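Trainee: Sequence:
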Amino acid sequence: MLNNPTLRRTAMGAVAAAAACVVWAPTPASASVSDPVLHASTESDYTAACSYSANIQWNRSTSRLTGNATVQNHLWFAACRKKVVVTFVDDEGQTAATTDIVLETACATTDPTCPSRIDKPINQIASVSRYAKPYIDHIDAAVVDRPR
3 MLNNPTLRRT AMGAVAAAAA CVVWAPTPAS ASVSDPVLHA STESDYTAAC
53 SYSANIQWNR STSRLTGNAT VQNHLWFAAC RKKVVVTFVD DEGQTAATTD
103 IVLETACATT DPTCPSRIDK PINQIASVSR YAKPYIDHID AAVVDRPR
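Adding 2 to a residue's 1-based position in the sequence shown gives its number in my numbering.
A couple of the hints might just be wrong.
[To be verified] Under the rule of at most 20 Å between Cα atoms (straight-line distance), these lysine to any residue pairs were calculated in the SDA-like manner:
1) Lys135 / Thr101
2) Lys122 / Ser63
3) Lys135 / Asn125
4) Lys135 / Asp102
[To be verified] So the derived label-pair ranges between C-beta atoms look like this:
5) Val39 / Pro149: 31 to 39 Å
6) Gln126 / Asp147: 33 to 41 Å
7) Ser63 / Thr100: 28 to 36 Å
8) Pro136 / Leu77: 38 to 46 Å
9) Cys116 / Thr49: 37 to 45 Å
10) Cys116 / Ser46: 32 to 40 Å
By construction, these hints were calculated from the structure, which means they are not laboratory data. All of these numbers come straight from a predicted model, not from anything done at the bench. We put the CB at the ideal spot given by N, CA and C, even for glycine.
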């Protein structure tokens, strides 16, 4: 039936065109990132009363958060109390989990009892469900005030 070379080329071209028109829609499992380590960072303006920065990495296979956070107090008579909130966002844009990293108090610049600059290395396990872990698309980091 397809012994004619012209007819064979036309039929093969039609098959190739039909294959090219197939739209592949990813499933949630295939849409998840394949990056084994995700990164997030945040920082304030240096002129803020309490300036801060945080650089966080999350290892998907071990659930370990690593990185560094810094708080610098520029106030003369008030302390800075901050914490880093790491938010794990899934491939549908929903929050899958959060982890708080409490930073030590950065004392006022006139207080001789403790430093006004805190550098904290981060090395802890994040509480992310093993069922949600493959679907985590990215992480966000925010430094917020914490109560006393």
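Trainee: If you draw a straight line from the CA of lysine 135 to the CA of aspartate 102, is it 20 Å or shorter?
Mentor: holds, 18 Å
Trainee: Serine 63 and threonine 100, beta-carbon distance inside 28 to 36 Å?
Mentor: Given about 20 Å between the Cβ atoms, the range is violated.
Trainee: Please verify whether lysine 135 and threonine 101 have alpha carbons no more than 20 Å apart.
Mentor: holds, 14 Å
Trainee: Per the hint of 38 to 46 Å, is the separation of the Cβ atoms of proline 136 and leucine 77 within bounds?
Mentor: holds, 44 Å
Trainee: Is 32 to 40 Å right for how far apart the beta carbons of cysteine 116 and serine 46 are?
Mentor: At 20 Å between Cβs, range violated.
Trainee: Check whether the Cα positions of lysine 135 and asparagine 125 lie no farther apart than 20 Å.
Mentor: holds, 18 Å
Trainee: So the hint says 33 to 41 Å: do the beta-carbon atoms of glutamine 126 and aspartate 147 match that?
Mentor: For aspartate 147 against glutamine 126, whose Cβ atoms are near 21 Å apart, the range 33 to 41 Å is violated.
Trainee: Assuming the hint says 37 to 45 Å, is it satisfied by the Cβ distance from cysteine 116 to threonine 49 or not?
Mentor: Since cysteine 116 and threonine 49 have Cβ atoms about 23 Å apart, the given range 37 to 45 Å is violated.
Trainee: Starting from lysine 122, check that the Cα of serine 63 is at most 20 Å away, please.
Mentor: At roughly 24 Å apart (the allowed maximum being 20 Å), serine 63 and lysine 122 break the hint.
Trainee: Take a look at whether the Cβ-Cβ distance between valine 39 and proline 149 falls inside 31 to 39 Å.
Mentor: holds, 32 Å
Of the numbered hints listed earlier, those contradicted by the structure are 2, 6, 7, 9 and 10.
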